[in-house]
Amino acid sequence: MTAAVLFQKVSRHFGNVRAVDGVDLSIAEGEFFAMLGPSGSGKTTCLRLMAGFEQPTDGHIEIFGETAEGVPPYRRNVNTVFQDYALFPHLSILDNVAYGLMVKGVGREERRKAAEDALAMVKLPGYGVRKPGQLSGGQRQRVALARALVNRPKVLLLDEPLGALDLKLREQMQEELKSLQKSLGITFVFVTHDQGEALSMADRIAVFNNGKIQQLGTPEDIYKRPQTRFVADFVGSSNVLSSATLAKLGISAGAASLRPEAIQIGTSWAELLTLSGTVVACSFLGAVNRITVDCDGQRIIISAPAAMPVPEQGANITLAFSRNDMHVMEQA
Amino acid sequence: MSAVTHQSILPERSGLARRLSDFLWRHPHVLLLILLGPPVLWLGIIYLGSLLALLLQSFFSIDDFSGLINYEFTLATYKQLLIPANFDIILRTVVMAALVTLASAIIAFPIAYYAARYAKGKWKAIFYLGVMLPLWSSYLVKIYAWKLILAKEGIVTWALTKLHLLWLLDAWLALPVVGGNSLSISYTGTFIVFIYVWMPFMILPIQASLERVPGNLIEASADLGGNPAQTFKYVLFPLALPGIVAGSIFTFSLTLGDYIIPQVIGSSRLFIGQAVYAQQGTAGNIPLAAAFSVVPIVIMGLYLWMAKRMGAFDAL
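Residue numbers (my numbering), protein chains in the order written: chain A, 1 to 332; chain B, 1 to 316.
Using 27 Å as the maximum straight-line C-alpha spacing, the simulated DSSO-like pairs for lysine-lysine come out as follows:
1. K233/B x K104/A
2. K142/B x K152/B
3. K233/B x K131/A
4. K233/B x K113/A
5. K224/A x K182/A
6. K308/B x K131/A
Quick partial rundown of chain A residues pointing at chain B, CB under 10 Å, derived from the structure:
7. R48
8. V78
9. Q83
10. A86
11. L91
12. L157
Derived from the structure by calculation, the hints contain no laboratory data.
Just so it is clear, CB atoms sit at the ideal spot from N, CA and C, and this is done for glycine as well.
Use the sequences and the hints to build the structure in full.
Laid out in structure tokens, this is it:
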């Protein structure tokens with residue numbers, strides 16, 4: 001099967017800055033693909049390379065098997081939902097949504113109907129007469145989505161589309177985006193710096209750092225089996241155990257990751273590995289307590305259910321965890 | 001650490017200035033009045049007052065026999081504007097102003113677009129310098145310089161001769177209305193110099209309006225399938241229109257009122273500004289001069305009203 005988007009050794013340099021540095025990836029048709037990373041990691045540049053706003057310095061890009069280098073954005077059947085929505089301020093919502101159809105020469109009546117259907121799909125029926133300035137951030141986000149989807153793109157690119165929304169709205173939009181993607185069957189490529197968002201929505205995730213893909217895999221892969229310290233750190237503030245700590249456990253390896261929620265306090269069964277340490281800090285985060293423990297210089301963070309009793313600061317406690325929850329990393 | 005106090009409210013400080021600042025803080029309207037009063041009075045009395053006096057003058061008439069002003073309200077002076085000799089002047093000026101405005105907008109847009117979108121750092125400074133530099137030298141010097149440039153013995157004729165293209169200029173000058181003996185005594189010459197002199201007033205507002213258009217709107221248009229021409233037509237132009245209108249207000253009204261350029265460069269036929277100059281000076285017909293000067297005001301009013309109706313300010 002041809003890939004929806006294919007990158008072969010793609011690089012994009014800005015002067016001396018290697019924004020994207022030899023990236024290989026292949027996104028399958030109908031996939032919900034997330035590109036995750038801190039700002040400046042190259043994920044947005046990758047998205048812009050797919051949209052056609054940037055041209056690769058080096059390498060080869062294909063969209064559904066067709067060469068994309070040198071093809072301007074307006075000849076790519078790919079649409080973007082921009083980070084700050086980029087709605088046309090002088091046009092009504094309906095004209096905004098119908099814009100892509102208008103420039104393609106679709107008749108007035110037909111595009112009006114298509115735009116109204118698209119607005120209904122994003123749950124904004126009857127908003128067509130308003131101007132973008134009269135809408136809230138969440139509503140504008142939906143309009144941007146409708147404006148892209150009305151063109152029936154082969155690939156939909158989303159550049160941190162939920163970044164400007166408040167938490168509750170963001171969670172709601174995550175679910176809606178996911179179900180929309182399922183029902184439409186369009187390939188979604190989603191850029192985000194929020195690991196929770198990537199983990200909950202994506203079929204596969206590419207974790208970016210310094211213009212390179214650090215790891216590419218399913219959310220479970222990325223979360224449970226980080227291959228590098230960067231991925232372990234970035235995806236869910238994992239504990240990275242040093243080789244000295246690992247030696248105490250009888251394991252010889254450079255480093256290993258251990259999720260905060262995989263650690264129990266006080267219990268000590270034979271099959272569990274244990275470490276002892278001093279409680280340094282405790283903070284209440286709602287559903288969980290975050291407890292920081294010092295084990296001979298190795299900081300370990302524990303995420304304990306709020307219902308559990310909280311150890312006092314300075315107390316000596318025993319940490320227990322299963323060998324299976326620990327993941328030895330290929331590189332430190 | 002004597003500056004640190006444990007009081008939650010600091011004691012009132014003494015001194016007239018402190019008391020005054022406290023008073024103004026509590027009565028912000030008084031501050032506004034002090035700041036705005038003098039300029040508003042200046043504008044109101046000196047500027048609007050004289051404009052009103054001008055308007056009043058235009059409703060008086062002149063006694064043809066004695067040459068004295070007859071202080072009775074009449075529309076006779078305005079009627080005089082409609083006689084062919086005077087109406088020709090108005091028509092000529094308005095057509096020239098419209099053409100100058102159109103040409104300025106077409107020339108200014110790419111320059112402004114470059115400056116707003118691409119020029120950075122040093123190049124931006126060079127752009128501003130290039131646009132503003134002509135404004136630093138005297139208006140009269142520039143116009144007389146242009147007279148030499150456009151004259152029959154000038155550099156334009158010389159360059160075209162060297163390029164063996166003089167026939168092109170001769171063909172143009174042979175045309176009726178726009179032609180003449182040389183560029184410096186033709187409407188074409190007047191047109192060129194008007195464009196040159198008012199160009200900064202067109203470039204700067206367009207550049208300001210383009211600078212406010214977020215770059216991602218251009219990208220969004222391309223992303224949705226709009227080719228560059230469509231992006232210009234549906235996104236860039238509507239959003240730049242307030243700037244173009246602002247610039248055209250300058251070029252249009254300045255051309256309507258100018259009396260030096262057509263006097264130095266052009267055929268001997270009068271423009272509104274020259275007519276005002278002649279009527280209030282040599283002819284001593286203040287009412288007719290006043291009526292002539294009301295014409296640009298009315299035209300500008302109509303122009304703004306039309307621009308507003310066309311939605312030129314919707315994107316503001």
